[in-house]
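Could you put together the complete structure from these sequences and hints?
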Amino acid sequence: VIGTDEEIESFQEKFHQLLKYFDKFSKIDENAIDAICAQNDAFFDKERSLDNGVILYGNDGLIIKSRTDNQSKLIEAIRQNDLVFAIGPAGTGKTYIAVAMAVKALKAKEVRRIILTRPAVEAGENLGFLPGDLNEKLSPYLQPLFDALRDMIPAEKLKMYNESGVIQVAPLAYMRGRTLDNAFVILDEAQNATHNQMKMFLTRMGKSAKFIVTGDITQIDLPRNQRSGLPESMRLLEKIKGIQFVHFGEKDVVRHDLVRKILNAYNKYEMIK
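Counting in our numbering, the sequence shown runs from 15 upward without gaps.
It should be emphasised that the hints constitute simulated quantities derived from the structure, not laboratory data. One should not assume that every hint holds.
To be verified - Below 30 Å or equal to it, Euclidean Cα-Cα: the simulated DSS-like pairs (lysine-lysine) are:
# : residue 1 : residue 2
1 : K213      : K275
2 : K173      : K34
3 : K265      : K253
4 : K265      : K123
This is how it looks when you write it as structure tokens:
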């Protein structure tokens, strides 16, 4: 950079503002560059006005915020508690919100890493026979979590986070013996965790850690001779301070309108059966 000391200092300040803008909004367009160069306060006042209720801005400026009252309750529960259970049917956004809060915490340097885990019921948690490394073996079972991350983190940065261990995928059965410090940990599809797995997972919590458990107790895929640890943990832990449960229902479904009707039809059928 060539110029006077004053010009170089001004350039550095504006370049730093551009980096902060990109870190927040995951995009930089001509309007932002022009506003930063011209120090246009009106532009930034308008941008700040969009922040109301926003968890974070995803790729290309995607606004990620709550869409239902229970999603808002989940956000507040995560802010106020170190262990939160989000219970309800598919399509209610409980996992997506959990991932968004994890990314927000990572960007704010409140945690050093994000750890994602899910019972690999289809593989019987015996992943050794599958080809590829651990990430490749787990990828099909953690795809919904990866899909959410791809909305929120640029591809190159996400790849870097995966390679450096900032974002980790860990099979639930392999977490025994670990202490998870300074981490935002999400257990998805927790209804498919057994009693022993649930107890093991919940006792991995270390210092400065946040644990989020998501699941749907109406969709248990475990073999008949194994009981789910999720309903049990709901009964055992509901009165412990520092643990909060947020329950979602059919009205919270944010997928296609037909999904709510399909869920309702199946629920009625299963009650009769």
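Hint by hint, here is what the structure shows:
{"no.": "1", "hint": "K213 <-> K275", "in the structure": "violated (35 Å)"}
{"no.": "2", "hint": "K173 <-> K34", "in the structure": "holds (21 Å)"}
{"no.": "3", "hint": "K265 <-> K253", "in the structure": "holds (26 Å)"}
{"no.": "4", "hint": "K265 <-> K123", "in the structure": "violated (34 Å)"}
Figure legend: structure checked against the earlier numbered hints; hints not met, in rising order: 1, 4.
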